[in-house]
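Visitor: For the protein sequence lines, the chains are A and B, in the order given.
With the working numbering applied, the first sequence has no gaps in its numbers, which climb one by one up to 215 at the end.
With the working numbering applied, the second sequence has no gaps in its numbers, which climb one by one up to 1138 at the end.
In short, the hints are calculated from the structure, not lab data.
Estimated spans, in silico, between C-beta atoms of each pair: (1) A:L70 <-> B:S1083: 38 to 46 angstroms; (2) B:D1084 <-> A:A211: 51 to 59 angstroms; (3) A:S207 <-> B:K1050: 53 to 61 angstroms; (4) B:C1101 <-> A:D25: 39 to 47 angstroms; (5) A:S68 <-> B:D1037: 27 to 35 angstroms; (6) A:F175 <-> B:K1050: 51 to 59 angstroms; (7) A:N99 <-> B:H1116: 43 to 51 angstroms; (8) B:T1080 <-> A:S68: 29 to 37 angstroms; (9) A:F175 <-> B:G1049: 54 to 62 angstroms; (10) A:G143 <-> B:D1102: 27 to 35 angstroms; (11) B:T1080 <-> A:D14: 20 to 28 angstroms; (12) A:E204 <-> B:I1052: 51 to 59 angstroms.
In silico BS3-like cross-links for lysine-lysine, where the CA-CA straight-line distance does not exceed 30 angstroms: (13) A:K214 <-> A:K197; (14) A:K4 <-> B:K1090; (15) A:K4 <-> B:K1053; (16) B:K1090 <-> A:K149; (17) B:K1078 <-> A:K4; (18) A:K188 <-> A:K27; (19) B:K1045 <-> A:K4; (20) A:K4 <-> B:K1050.
Which bits of chain B does chain A cover? Going by a derived footprint, with three or more residues having C-beta under 8 angstroms, they are: (21) 1059–1071; (22) 1114–1126.
Yeah, the Cβ is synthetic: ideal placement off N, Cα and C, and Gly gets one too.
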Amino acid sequence: MEIKVLQDILSANDRIAERNRHLLDEKGVFALNLMASPGAGKTSLLLETIKRLKNRVSIAVIEADIASSLDADKISKEGVTTLQINTGGACHVDANMLNNALESISLEDTDLLILENVGNLVCPAEFTLGVDRNVMISSIPEGDDKPYKYPLMFSVANAVLVNKIDLLPYLEFDFRNFSRGVGVVNPKAALMQISCKTGDGMNEWISWLLAEMKK
Amino acid sequence: MSDFYGELSGELNLGSDSYTIQIKVMHELAITQNVLDIALEQAEKHNAGKVIKINLVVGEMSGVVDECVQFYFGFLSKDTIASDATLSFKRIPITAHCYDCDATSPLEEFNWVCPHCHSSNIEVVGGRELYIDSMEIE
Chain A
1 MEIKVLQDIL SANDRIAERN RHLLDEKGVF ALNLMASPGA GKTSLLLETI
51 KRLKNRVSIA VIEADIASSL DADKISKEGV TTLQINTGGA CHVDANMLNN
101 ALESISLEDT DLLILENVGN LVCPAEFTLG VDRNVMISSI PEGDDKPYKY
151 PLMFSVANAV LVNKIDLLPY LEFDFRNFSR GVGVVNPKAA LMQISCKTGD
201 GMNEWISWLL AEMKK
Chain B
1001 MSDFYGELSG ELNLGSDSYT IQIKVMHELA ITQNVLDIAL EQAEKHNAGK
1051 VIKINLVVGE MSGVVDECVQ FYFGFLSKDT IASDATLSFK RIPITAHCYD
1101 CDATSPLEEF NWVCPHCHSS NIEVVGGREL YIDSMEIE
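Just chain A, same shape as in the assembly (with noise of 0.2 angstroms):
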């Protein structure tokens, strides 16, 4: 007998996405989900975000690594809640996971919060988590086809941070090339150019994560 079933593999995950985004929403939290291939750069933009806002706005952060607690170590030095999950040979974090960890955060004393999901291009992207903004970094070393290659992290994310621009004179990185990518696979996605190095477009960033938090 064949029967009809039309069903989201992944609808267990997205059902457990949905729990998280009421309960966040509740708490009044704004969660930012950081996505990122190793090495683009997360810790740094969360480490220089932190500097920026923390007298202005309440963070917690959650750090998923496959293994070790290197990058909490450095951000709990910057004074704000850090939370260390492993994801224990897992390549992304799934909405269960943070569901685990949103029960360790005092979520009524958070304004912000950060993931920084493990770094990867390909599985995090796949698992919808419930928070209210996804965005990427994607940096010049990496080259200017990760949006062709990586098409789908590229069409979650509700911004591309291209990072590491000071390094613009030494490699190189058709913006046109890269932005046309982004713009055919996720075309309302903002497109921003930083530096964690020398803070150039840094005060975009800001920008517009506060009129974020503000929507």
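Model the placement of chain B on the given structure of chain A, informed by the hints.
Guide: For chain B alone, kept in the frame of chain A given last:
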């Protein structure tokens, strides 16, 4: 499910080159577990004794490797009524709308231009599918 990942990633860590493979496999593992869960739930709902076939629809943009899902299904479905089930994958190409010639068509390979007028003024409108279409049970 996290414990499960841990267990499996240990086994799959075959040496210094295994890192990328491990990441790829982990991604499909979660997907495969969900496929099995849905299939068993549906089978129970229909009082089935056996799952014969599961028909999956996978968009090219989802980055799911059929062989990986197939491999993990064999592993995960052991001792369930779906252990002999075959998986069928219907791949959906990435589809884009062209703002210049107004055609909506599947892209050829990953070349990111309209196949009709070769314009690059296009927007992706399909190819993210990831669902179970139907099943054969008895």
